[in-house]
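Line order of the protein sequences matches chains H and W.
If you count by the working numbering, then the first sequence holds residues 6 to 702, one letter each, in order.
If you count by the working numbering, then the second sequence holds residues 2 to 646, one letter each, in order.
Errors might be hidden in some of the hints.
[Unchecked claim] Per the computed footprint, the stretches of chain W lying under chain H, defined by three or more beta-carbons under 8 Å from a beta-carbon of chain H, are: (1) 488-496; (2) 528-536; (3) 551-560.
Worth flagging that the hints you see were computed from the coordinates, not collected in a lab.
Fair warning: this is a prediction, and the values are worked out from it, not measured in the lab.
All C-beta atoms in this analysis are idealised placements derived from N, C-alpha and C, irrespective of residue type, glycine included.
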Amino acid sequence: MATEKRNKEEEEVKTDDGSPKIKPRPIVQLGIFLVAHSPVFSVVFSAAGVLALLILPLLAKNTYISENALMPGSARSMLSNRDVSDGSKLVKDIKNYRLNHEGQVQKLVGKYMSEMVAEVYYQKFHPEGNQFHPLHFFSGPDSYTLLDNVSCASYGVNVAGIIRAPRGDGKESIVLVTPYDFINGGDYEALSLGITSTLFSLLARVTWLSKDIIWLVADSRYGDYRPVAAWLSEYHSPSFKVSDLLKCGERNTADNFRRAGTVAAALVLKVDGRSERFEDTLSIYAEASNGQMPNLDLINVVNYLAVHRQGFYVKVEKVVSLLSSSWLKIIGEIFEAVGKLAHTLNPDWNFGIPVADYLEGSATLASSLYSQALGIPTGPHGAFRDNQVDAITLKVSPRFPPDSKTRQHDFFLRGARLLEGTIRSVNNLLEKFHQSFFLYLLTSPSKFISVGVYMIAFALLVAPLPMVAASLYIEGCKALTKSTDNPTENLKSWKWLDAAKQVFALHLFGFIVTLLPYFICQVPGQHSPSNRSIMWGTTSSSLLLITFAAIPGCSPFTSRHHGTHWAVLKSVTISAAFIGLCLMSIINFATAEIGALLLVPTCLMAQPIKPALRSRRIKSMLGAFCSMVLLTIGFPVMFFAISKGLFGEGLVGLSLGGEFWTWLESLWAWKSATYLYIGMVHLPCWLLCLCILFHPS
Amino acid sequence: MASLVRSWIPLLILQSFLVAVAFGSKEAEQFSEALLLKPLPDRKVLAHFHFENRAPPSNSHGRHHHLFPKAISQLVQKFRVKEMELSFTQGRWNHEHWGGFDPLSSMNAKPVGVELWAVFDVPQSQVDTSWKNLTHALSGLFCASINFLESSTSYAAPTWGFGTNSDKLRYGSLPREAVCTENLTPWLKLLPCRDKDGISALMNRPSVYRGFYHSQRLHLSTVESGQEGLGSGIVLEQTLTVVLQPETTSVETNMQPSWSLSSLFGRKVVGSCVLAKSSNVYLQLEGRLGHESKNVDTEIEAHKLWKNADFDLSLKPDRVLRESSGLLFIFDIDKSSDSEPFDLGLNWKLPSKWSCQQAPLQASRFLMGSGNERGAIAILLKATESQEKLPGRELTDGRCTIKANIFQIFPWYIKVYYHTLQIFVDQQQKTDSEVLKKINVSPSTDKVSSGMLEMMLELPCEVKSAAISIEYDKGFLHIDEYPPDANQGFDIPSALISFPSHHASLDFQEELSKSPLLSSFKEKSLVRSYTEVLLVPLTTPDFSMPYNVITITCTIFALYFGSLLNVLRRRIGEEERFLKSQGKKTGGVKQLLLRLTAKIRGRPIEAPSSESPAAESSFLSTKLIFKIILIAGAAAAWQYFSTDK
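The following block holds chain H by itself, in its conformation from the complex (with noise of 0.2 Å):
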């Protein structure tokens, strides 16, 4: 289609070479031509942004590792039977600690450390760090302020060890993190800790250390993330002054904070639930705050070394709804046919692939879009990837109960073998991460989408904006110019200045129904989060009333003959919603481009409803009927509604705003820059099309 459109396009542009008038410059030409044809244009190149999303399971590449000094497997695993029955035996004793009440766990692990001749200390946090504030939205870790009066009634106290290589100069660390709840942890838990053990044993030993290592265990009693991240905020920014913190609990978990150096990667090792397949199952996650991506070279050493040296069954995380959907089995089965007529043309055409692999591919792309999207770091490691340290979390399920022997030495062995064979990769490098990707999406463990091929589908979703937004403003000029006779009002360059006046005070709304939740959390008292949604939502309605009524020409219910044209009006929302969208892509491709499926076709489609029903024609009903579907998906509420269902949350109904705003307070947070791509540009743009579907034209 597109091909024969360029055909059509070139004829022209013949015809008017054999002409003898003087012919305009190809590039005017070309461009007066998408604009005269915006709308066959817009249909074609929104077509091909949504197919070029779907084909990008074909077009993932495998995996491979950039960096030379990596050389994943390359040596010989040196660990032994002694290192292995180390493990197990801080897991008993754990377990026996426990059963007896002996006191904190934490002196145990911190006996075994120092034991291993690691240099040990205790670190005490506070458990509440994130707190919503709007001007700090964007500032670094460092500005977590310090809470005065510190209660002594809660706070965690993580174990830190740290190895220093024999030899090195201890100018750079690894980190290796193992969350556990030291209260209540369970016995999968403490697998974890048995299997860092393990591992430290060995490299207490080992002589090729060339980086220190060092082996936090959380305190996951408050949330895996909340002691990573005090911890990290204490290695890279303490504060010298005096911290109540102190005071609390023993004296000798006094302050003796130790360091190893910039950090150059972190691993977060987790062991939970058994596993569901015959293998013993690892499970990658990746995604920090904002859809930052560690080096894809952490993750292909990661994989490279479970899949072939230790035998795990490797996967990220995938929409499981997805894999049983009729729709997108039918579009797989076409990909496969096309892939495997192509195949029969010519043998070297191999873009075809299986239906299930298909299948599993959208899945898990969905997944990774949706989770970058979001903008919540999916695990520990996020905490790490907000001070720029690579980091990724490994959860293991292996297929044993936790009480079998015999399996947990075999277990213990593989899963310390795969960290140590990580550990030697990373400390064999010389320089940081920064050879394989950064921006990329995964379809499986072993395969990834890089930047260059996913930025096609965004950049073919907003193409028609641009071309949209100038025919509209030609047309509405036009318009414009015929209704009034009066030639003075005709200065036709200031024509969208009205319409631009509308767009500003809504993004204005936008901005300030962004902030309010802040003002609203100040409110006192307590308030459950449907309450507190209900004000929000009042607050705001309220706000745009007083929007429409104090700017003339805003509000789409009065009827005024002079005021601004809806295609002007309707043109420069659409150039609002594309520098919005491009500058979201920016930020978080994810977001822009989620973003982009549902307001691109929204802007478009968006015409006055009234001239649709006076006119009584099929198509143009059709047309109103389908902006208004779109605008009742687009508002964010129900596409929060709609995107729930999706994921098989069952739809709850009444409590659905107290569920919204619990959301959209893990959003801000987490400081996700999705929160403010919906206050700032989604929802003028939303009103700004319930403007237009309601203009009294």
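Given the coordinates of chain H, assemble chain W onto it according to the supplied hints.
Below, chain W without anything else, positioned relative to chain H:
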């Protein structure tokens, strides 16, 4: 050059030797070797090789020496070096376990990589030139990239913070220099017996480099004779300090491992270097037995010192010295021979524990902030347990204080904001006037000179911890200023923390022999410790970028010049006229072709068609599409059939 050639003539060498023997100068050149062994509390053993070579002030030798290395004397003469120290270090000195308040650690705990400082005896204006030449000479002499210290951005001229007060002092360090045998071999070449004989024969490369710490040091100083006409004498001190882990089979973790020289180094000493005036092995046992019997009268009690319930030595010491914190056993290796090699062993029988004396404050340094944003450098000083026992406290205005000097060099791309200096003492922020006694700052100049900070803190004696933080911004380097592995980050050299009112020395109760090692220990040395090297990640360009930049620039140039030429060349009127004329007649080549086809077909030349241009164009376009489809079909068919085979 001529002199160099001449020196190789054996006759002259022989002659000079004969002359020297004949005159028999009273103060001859002296060489002495010594090895100090010291078990460390963390189950490791420290071995400290010490070689001293003295060339007395005399003019009788001329340019020739018997024992003293010629290369060094030439260096001293050429660059007029008054004092110089060069060290090559690998690994970190563990101040906590290996001590920080004894002469051994204050002199031999060096920063990672290469450190060089020198005091010159030249006019102030020539100091920098001499330094630059010296770095090049040393670079060649020791197979190391010391010549990188030549650039003015890598060295500094400390005034008082370094400990030596001289305005002709230059200091520089290269934290990233890798140290290996290629640096040790030229260093050994300076010894009269190389590593062929005597104590240096122990230096088995694999065992020396297997250690946890390895520092090879060369210190030279000139001694002014004071007499007219006489040159200056040179004292060359070469030390190698290694910390080794004895291999142990026992599983008990609190038991000290037993070792012997042959198990540590894989070699034994077979006799001393014949050129050495003295060659001794010392064994220092710290922190224990010092409090036992005060006077050794009888043979039995002396025997008890080295063979007792705790440990025994495999050889009988020639002498036993006592000092305030331990014992020092002295062995003379002259007696050993090929048949009876000297293989000192220490066998522990009971678990024992002791601790080393530590510096009053333990220093650590770290970076604050992460990533490519601005950050801060923080130096943390923590009181050690032994702080209260130490001498060297001063009373100023009735307050007991500890003085600490901090000397730090900043590379120019670390742009330090000196006004952001914050000092916290015991977690209370202090104003500068409260704790800062002296400060000297020389800011860096971009790409010209490095920055330097010297400050003297005066802390109260009961201080628990002190922290100093200073903010910096990261500079941008030019693309060709990046080193090959730019993505590793950039190093900030170690800071030097010294305690001007604390001096470390060993005081022996008995009178000393004339051993140079012991006399150097007896001298009071400034207590100093180096902090860690820091790694700052700077913004590095994508080094494949030049290619992209070139392509983009080329594209832009092409577009720009293309359109510019177009505008300049084009004349609208001319073009119209040309188009009109083209409409009337076709080009010569085309006409020729037409005629040719006509001849082939055997038909007369068709007159230019008078059809409407629109029809013609549509006709042409369908023809064109047909052609395209034909070609595409042919291509597809060809592709299909060609690949099938």
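A quick look at each hint next to the structure:
1. 488-496: holds (count 4)
2. 528-536: Coverage by chain H holds for the region 528-536 of chain W (4 residues, Cβ < 8 Å).
3. 551-560: violated (count 0)
In terms of the numbered hints stated before, the structure departs from hint 3 and from no other.
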